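So the protein lines, in turn, are chains A and B.
In this text, residue positions in the first sequence follow the UniProt record's numbering: the first is 1, and each later residue adds one.
In this text, residue positions in the second sequence follow the UniProt record's numbering: the first is 1, and each later residue adds one.
Note that these hints are calculated values from the structure, not bench results.
Bear in mind that the values here come from a model prediction, so they are computed numbers and not experimental data.
Be a bit skeptical, because a hint or two may be false.
[Stated by the list, open to error] Short derived list, chain B residues pointing at chain A, Cβ under 10 Å:
#1 Glu109
#2 Gly228
#3 Ala231
#4 Gln265
#5 Glu268
#6 Thr458
In this text, a Cβ means the ideal position worked out from N, Cα and C, and glycines have one as well.
Here is how the chains run, residue by residue.
There are 2 protein chains.
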Amino acid sequence: MTTLISLDARTGQPTGESWPASTTADIDAAVRAAHAVAADWGASNGLARATLLRDLASALEADREGLVTCADRETALGSPRLNGELDRTTFQLRRFADMAERGEPFRTEDDPAVTGAPPVGHPAMQRQRVPLGPVAMFAASNFPFAFSVLGGDTASALAAGCPVVVKAHPGHPALSQRVHTLIQAVLARQGLPAGLIGLVQGAGIEVGVALIRHPLIAAGAFTGSTRGGLALQAEANARPRPIPFYGELGAINPVVALPGALTAQGAELATTLAGSITLGCGQFCTNPGLLVMLDHPATYTFIGQLQAALAALQPHPMLTPGIRQAFDAGVAQLLQAGADLVWQSQGQGTAPGPHLLTVGAQRFMAEAALREEVFGPSNLIVRCADVEEVLGVLMAVGGSLTVTVWGVETDTADHRALVRTAMQIAGRVLFAGVPTGVAVTRAQQHGGPWPASTAPMTTSVGDAALDRFLRPVCLQDAPAWLQARAGVPC
Amino acid sequence: MTTLISLDARTGQPTGESWPASTTADIDAAVRAAHAVAADWGASNGLARATLLRDLASALEADREGLVTCADRETALGSPRLNGELDRTTFQLRRFADMAERGEPFRTEDDPAVTGAPPVGHPAMQRQRVPLGPVAMFAASNFPFAFSVLGGDTASALAAGCPVVVKAHPGHPALSQRVHTLIQAVLARQGLPAGLIGLVQGAGIEVGVALIRHPLIAAGAFTGSTRGGLALQAEANARPRPIPFYGELGAINPVVALPGALTAQGAELATTLAGSITLGCGQFCTNPGLLVMLDHPATYTFIGQLQAALAALQPHPMLTPGIRQAFDAGVAQLLQAGADLVWQSQGQGTAPGPHLLTVGAQRFMAEAALREEVFGPSNLIVRCADVEEVLGVLMAVGGSLTVTVWGVETDTADHRALVRTAMQIAGRVLFAGVPTGVAVTRAQQHGGPWPASTAPMTTSVGDAALDRFLRPVCLQDAPAWLQARAGVPC
Chain A
1 MTTLISLDAR
11 TGQPTGESWP
21 ASTTADIDAA
31 VRAAHAVAAD
41 WGASNGLARA
51 TLLRDLASAL
61 EADREGLVTC
71 ADRETALGSP
81 RLNGELDRTT
91 FQLRRFADMA
101 ERGEPFRTED
111 DPAVTGAPPV
121 GHPAMQRQRV
131 PLGPVAMFAA
141 SNFPFAFSVL
151 GGDTASALAA
161 GCPVVVKAHP
171 GHPALSQRVH
181 TLIQAVLARQ
191 GLPAGLIGLV
201 QGAGIEVGVA
211 LIRHPLIAAG
221 AFTGSTRGGL
231 ALQAEANARP
241 RPIPFYGELG
251 AINPVVALPG
261 ALTAQGAELA
271 TTLAGSITLG
281 CGQFCTNPGL
291 LVMLDHPATY
301 TFIGQLQAAL
311 AALQPHPMLT
321 PGIRQAFDAG
331 VAQLLQAGAD
341 LVWQSQGQGT
351 APGPHLLTVG
361 AQRFMAEAAL
371 REEVFGPSNL
381 IVRCADVEEV
391 LGVLMAVGGS
401 LTVTVWGVET
411 DTADHRALVR
421 TAMQIAGRVL
431 FAGVPTGVAV
441 TRAQQHGGPW
451 PASTAPMTTS
461 VGDAALDRFL
471 RPVCLQDAPA
481 WLQARAGVPC
Chain B
1 MTTLISLDAR
11 TGQPTGESWP
21 ASTTADIDAA
31 VRAAHAVAAD
41 WGASNGLARA
51 TLLRDLASAL
61 EADREGLVTC
71 ADRETALGSP
81 RLNGELDRTT
91 FQLRRFADMA
101 ERGEPFRTED
111 DPAVTGAPPV
121 GHPAMQRQRV
131 PLGPVAMFAA
141 SNFPFAFSVL
151 GGDTASALAA
161 GCPVVVKAHP
171 GHPALSQRVH
181 TLIQAVLARQ
191 GLPAGLIGLV
201 QGAGIEVGVA
211 LIRHPLIAAG
221 AFTGSTRGGL
231 ALQAEANARP
241 RPIPFYGELG
251 AINPVVALPG
261 ALTAQGAELA
271 TTLAGSITLG
281 CGQFCTNPGL
291 LVMLDHPATY
301 TFIGQLQAAL
311 AALQPHPMLT
321 PGIRQAFDAG
331 VAQLLQAGAD
341 LVWQSQGQGT
351 APGPHLLTVG
361 AQRFMAEAAL
371 REEVFGPSNL
381 IVRCADVEEV
391 LGVLMAVGGS
401 LTVTVWGVET
411 DTADHRALVR
421 TAMQIAGRVL
431 FAGVPTGVAV
441 TRAQQHGGPW
451 PASTAPMTTS
461 VGDAALDRFL
471 RPVCLQDAPA
481 WLQARAGVPC
């Protein structure tokens with residue numbers, strides 16, 4: 001049996017804590033416990049859900065110092081970032097609490113009966129939504145709070161009325177255990193069953209596969225690598241009874257920087273972009289991995305400005321030695337596929353220096369290996385002869401969480417084509433700033449065409465994340481007692 | 001190359017018309033033509049879409065007599081049913097026209113910028129929806145108008161801003177050609193490209209597979225058999241770039257008839273149910289294939305009433321000889337799997353008599369073969385000892401377009417459990433009447449957990465069918481000219 005070992009991300013040394021991986025029996029017990037509470041939680045009202053979510057947020061805040069210390073040891077993300085991420089996590093929990101209390105999960109659409117023959121006449125119909133049931137939630141390495149045990153997937157599933165079994169990320173086992181212990185205390189205080197939020201863990205893929213295969217699991221939610229997500233999606237589809245699988249798989253997030261924008265504010269944009277490339281050592285699914293520019297003097301000036309801005313930043317250790325190795329391998333693959341190194345700064349230990357590479361548009365479009373995400377502080381500059389080539393580069397990317405377009409303030413045919421193409425391949429299109437930093441709002445869309453997401457019609461961040469766990473059901477000629485429940489399932 | 005031959009459904013004899021199956025080059029040309037118009041149609045406004053949809057509806061009505069005659073020859077569904085289906089089809093077209101004109105496809109969600117640090121502060125964000133692009137639409141055998149060339153899938157995709165390439169059903173090739181000729185005339189009159197609504201056809205699976213594999217196809221919509229739908233879904237998932245596939249695969253549509261309802265109005269319910277079992281010779285995805293009843297005197301009285309009501313009805317020819325053979329094979333499979341024949345009436349030629357079969361709940365739960373849909377006028381009566389067994393039977397069904405529950409007018413624990421379980425496995429739960437007849441309304445949900453649908457979170461009938469073809473995109477800090485487009489893509 002594999003053992004999970006908590007490692008200090010800065011030294012790679014064990015912190016002294018370790019846990020056995022969950023056994024098949026453990027996984028079965030966690031899913032059965034979640035299933036046992038599914039009907040009751042699904043029939044709970046909005047206030048009950050909101051109370052749980054708010055108490056979970058308060059419990060995180062009450063243990064802030066200990067949690068951040070623990071997270072920093074295991075991830076090296078640093079106290080400011082981790083405090084900010086904790087704020088975001090509690091904000092999410094309270095936002096979904098508000099949605100539950102407002103009745104969002106219980107929203108109904110009424111079609112009163114219309115007399116007469118069809119197609120005009122019809123019986124009384126009411127469209128409601130029912131919670132899917134136990135959700136398998138796969139935590140991410142790079143957001144130990146916001147996309148982990150009590151992250152957005154868990155918060156939205158609970159608000160929707162679904163129990164959750166979390167597969168903790170092996171990169172931060174001590175933190176996952178600590179958060180789960182807090183959760184259990186909150187559940188006990190509220191008299192809720194422990195199985196409402198279960199936790200399993202494992203260092204390899206076996207535990208996750210066993211979890212998504214379990215017949216009582218009703219949906220999966222995943223944030224992580226393309227390889228891991230596609231493997232789990234294949235498992236979800238291969239079940240005797242396939243289930244929805246919401247996989248957010250990362251992206252290369254092109255930034256199209258037109259000469260107009262670079263001329264107007266190149267220095268400022270270079271600083272902003274350098275910060276985004278290196279933020280959290282580039283370990284973000286929204287990290288800008290691609291810079292698409294036209295052959296123009298402003299472009300060359302900008303590359304120099306970007307280099308200078310990157311050189312001024314301190315290297316930052318990566319989450320795990322494995323991620324560090326994968327970064328080096330990813331850069332090597334880009335070079336092998338025909339990219340040239342423009343500049344790199346020296347790294348320190350587990351902290352790689354940022355890398356700038358470049359390639360021509362035609363080569364980029366021809367070589368699939370150039371379009372693979374490199375998780376870390378690298379950026380591939382794609383040189384385009386004209387707007388037509390920029391469009392071709394975007395279409396070759398095909399799917400991304402975000403596309404950023406700088407310099408389309410005026411309504412021209414070229415700008416329209418750029419915007420249309422950007423919208424065609426991305427879930428979010430930015431016209432200023434950088435893609436890192438995903439706001440938790442009503443209008444957010446965090447997802448995108450394949451390979452960015454396995455379910456591009458849905459979002460894993462923002463209010464609409466709730467919809468992933470509620471299936472529409474139409475009640476026809478419902479009896480009065482059922483209508484009186486106002487959308488709360490039985 | 002396979003030739004498509006139009007057959008008279010009553011005699012099985014050729015009507016004299018035939019067409020070559022679409023070649024690979026035909027399919028490629030149709031998809032390329034659809035792709036060529038995708039950007040313009042996606043950027044069209046609601047009035048343009050509404051005008052097209054309304055003219056298509058009028059064109060169908062103007063040729064009503066010829067269309068119904070043609071459809072009746074190829075399907076034997078009869079003039080009253082086919083006229084009704086044509087009404088429903090034009091109603092659908094006009095309903096989606098109204099939605100487009102009202103601006104439903106262009107609905108936006110605005111989050112104005114909020115100053116301050118995240119997570120509270122955020123940039124200006126607007127959530128819009130973009131049309132997916134060319135949709136491959138697979139027509140059904142049993143609804144030659146409403147789920148065929150100009151059916152709900154085509155209407156909703158066009159309203160969403162997507163071109164369509166229809167794979168016609170080989171059971172009614174002459175009708176499909178006739179409708180497509182009408183369409184082309186309407187497109188020409190409006191000055192729209194012919195490629196906006198393409199048609200391909202083939203007798204085997206090859207044409208459909210080539211269509212869903214085409215790299216420029218952006219989504220699939222299918223109504224038909226479980227086998228055909230799952231095969232196409234597998235193709236959609238196996239593409240280098242997987243795409244959404246909306247497959248509506250049929251169901252066995254349990255009717256739970258509790259003794260209270262049977263005692264109160266058994267004779268009336270028997271007549272209604274007999275009509276539903278035999279409607280269109282049982283060739284509906286919402287045909288009630290399962291009758292779940294408790295061991296009670298009222299149950300036995302009802303079975304006699306149902307038998308009498310069925311005996312009074314005339315047998316009706318099936319759509320094709322192949323469907324007739326599959327019906328016989330399906331009944332034989334139920335008998336082999338342990339069901340007993342209760343009663344059957346004599347058939348005539350291609351018109352099978354209705355069959356009533358029965359089996360105990362335990363056997364039903366143990367034998368997967370008893371849960372397979374038999375497309376045609378048969379019904380399997382499942383005898384249950386108690387409500388617990390009824391719940392077990394429903395859970396064994398697992399997924400269905402509908403569940404009907406008669407006799408839960410009062411709020412009791414048993415009734416809640418029945419409703420909860422019915423809602424868990426179905427897209428629509430009825431408390432009166434019968435599942436055949438799917439109203440086209442705002443609240444309709446035509447879909448359900450696997451195996452009823454490959455995409456149970458979506459509906460193929462009703463207003464929400466539009467949502468299947470629109471992917472959310474968030475615009476962050478959009479320039480003024482783009483915001484001024486009010487949700488209409490570039």
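Go through the hint on Thr458(B) and say holds or violated, using the shortest Cβ distance to chain A against 10 Å. OK, holds: Thr458(B) within 10 Å of chain A, min 8 Å.
Ala231(B) as an interface hint toward chain A, with CB separation required under 10 Å: violated (14 Å)
Status of the Gln265(B) interface restraint (C-beta, 10 Å, chain A): Since the shortest Cβ distance to chain A is 14 Å, the answer is violated.
Given a cut of 10 Å on the nearest C-beta pair, is the interface hint for Glu268(B) held or broken against chain A? With a minimum Cβ separation of about 15 Å from chain A (threshold 10 Å), the hint on Glu268(B) is violated.
Closer than 10 Å between Cβ atoms is the bar; does Glu109(B) clear it against chain A? Give me holds or violated. Holds. Min distance 5 Å.
Hint check, Gly228(B) versus chain A [nearest Cβ-Cβ separation less than 10 Å]: violated (16 Å)
The structure is inconsistent with the numbered hints 2, 3, 4 and 5, although it conforms to all the rest.
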